[in-house]
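Keeping the supplied structure of chain A fixed, place chain B upon it in accordance with the hints.
Protein chains: 2
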Amino acid sequence: MLENSGRTELTSLGEFGLINHLTEHVEIYNPESSLKGIGDDAAVIKYDNNKSTLVSTDMLVEGVHFDLTYAPLKHLGYKAIAVNLSDICAMNGTPKQVTVSIAASNRFSVEALEELYAGMLYACKKYKVDLVGGDTTSSTSGLIISITAIGEAKQEDIVYRNGAKEKDLVCVTGDLGGAYMGLQILEREKFVFKDNPQLQPDLEGNDYILERQLKPEARVDIIELFKNLGIKPTSMIDVSDGLASELMHLCTQSGVGCELYEDKIPLDPQTFDRAREFSLDPTVCALSGGEDYELLFTLPLSEYDKIKNLPDFTIIGHITPKSSGLNLIAKAGTSHPITAQGWNSFK
Amino acid sequence: MLENSGRTELTSLGEFGLINHLTEHVEIYNPESSLKGIGDDAAVIKYDNNKSTLVSTDMLVEGVHFDLTYAPLKHLGYKAIAVNLSDICAMNGTPKQVTVSIAASNRFSVEALEELYAGMLYACKKYKVDLVGGDTTSSTSGLIISITAIGEAKQEDIVYRNGAKEKDLVCVTGDLGGAYMGLQILEREKFVFKDNPQLQPDLEGNDYILERQLKPEARVDIIELFKNLGIKPTSMIDVSDGLASELMHLCTQSGVGCELYEDKIPLDPQTFDRAREFSLDPTVCALSGGEDYELLFTLPLSEYDKIKNLPDFTIIGHITPKSSGLNLIAKAGTSHPITAQGWNSFK
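Same order as they appear, the protein sequences are chains A and B. Going by this note's numbering, the first sequence runs without a break in its numbering and finishes at 372. Going by this note's numbering, the second sequence runs without a break in its numbering and finishes at 372.
Okay, chain A solo, but in the shape it has when bound:
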């Protein structure tokens, strides 16, 4: 996918030329807060007087976080933006701006970086977020993307990881484990392709989980929904490393325990079927898979009526005293301590 019909070398544009070229289609969707975007020493942002600024940053490294054998550059650009916006959502905030820094080796052509930027700008348009700054430089090997997402929230609306209280409901949006199963399909086809480059990849019937892996979404819609419902979670985090790891963050920082019901964990049928085919436990895919970018949050029991009939939410457990620890109540009714390492790029 790095071989486009026309190949322009990065050296031919130079650093300033490349930045100008890549950012010429940048649009501003929030002129009231993005006062100055690309083109000066810093971007200038101003939110309403009563709003706070949320800032989150993430680095994606080729060969560690993504594999260009199967991740198209446009999708990668989209995903890089979406997963950063997800962090702002996880604070119950609204993402408004991003800055993007990219280091790319000479293996990449101008056209390849155009694809990457096209995906990022598509995500910016979708989420009405402004690309207000960044840096484009060379690397000695591979592609590195660093994104900082900036958003706003009223101070009293911000939800931290540490507010879960005993008896709170544990809820999650959407379904889990799909992104992980999508990755399994892509890894399998990469392996098949290595053995026999003539074979076309067999991705049929896996559209949902592939999209979950390649083009995840930030749940800005849920933040809007919370506002409309008059709901403020007591704690929240986004599911980037897997349900078990995120639950552990919420419980540890809140000083509580929890009971998680295995049969309540929302799974898409495609996730379930593919997991079975791969001889994987679907529950384990949800617990440890990661990259679903759904929101995991806790709510007081008193809010139950507001959410019980909403298809976006699933109640998957409840908060217990710290001394009880974190436990998974299996389908058979047995209780198992939840352990989670989260994903570790150094292993």
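These are calculated hints, taken from the structure and not from any lab test. In this text, all values refer to a predicted model and were calculated from it rather than measured experimentally. Any given hint might turn out to be false.
When chains are identical, the list treats them as one kind, so a pair holds in a single copy or across two.
[What the hints assert, rightly or not] Listed below are the simulated BS3-like cross-link pairs for lysine-lysine, each with C-alpha atoms no more than 27 angstroms apart in a straight line:
| hint | residue 1 | residue 2 |
| --- | --- | --- |
| 1 | 257 | 153 |
| 2 | 179 | 331 |
| 3 | 71 | 179 |
| 4 | 289 | 356 |
| 5 | 240 | 289 |
| 6 | 252 | 289 |
| 7 | 257 | 190 |
| 8 | 151 | 257 |
Same frame as chain A, but now just chain B:
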């Protein structure tokens, strides 16, 4: 310098463990605006109601922007922070927060990253800036540092690149070309060392220019001085790529030309002497060397009395109509068009 007495592998701590370990000594110097630092999905920042937020981001790649053969990791950490804060100063703003993302290969030990962080935290302490977020991940090769600097300014105090007016004075802080000459010394000693590893590097008498290269400072003191003097430049930029390149940015964005007087360009005697020894033109070192991180700005003539006796400032030229272009008036009185490419990491 990667071989410390004790070597702890990055894998031994894991990603969460490493972040916790590296950030355990983080202090908050601005509790009134850094409402939430490291430890949640995003940092929370709130400035005074009448202030805007400035955001700038930069990526440093090993083998492109720095060479660990001669840049000690602690200095590198300090420099990485300082050069980002410099961008906030270049907007006439005050830096308040940073986020830091690091990708490091397994070549680096925990102790090596501790050194890097020690340098960054030392800079944070010096500049009273809070490290409020970041990401630490693995890379397939080398070290990549991405920093986002965040600062504040009253909207009416912000200085852009595009406000220079005809007849304005062109001024610069400190002296120029030193960082470039420091780099020449370091490159020479690296070369000598390659040929004969027994030889100790000969750095004597070069302390000033080595410090300019290895430990540059952001001119937050100048922003303070502007405030005290009641001065607001009409345009400003920091000197990262060399005087010629930065002047071109100011003039292009302001739609003006300029005359720059060669004999006014401030040079430290050490810079001058070393340049001569290396058979380099000291003026060219200042024009094209870069990395001095001084502030280049323009001021209305009417402000002349406020700055004429201040040792921090040198008036090096004046703004002319756009049609005159950018010209260097040489010591002999002859005029030469200024051309600048800036530094291009892709070449």
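Violated constraints from the hint list, given by number and in increasing order
none
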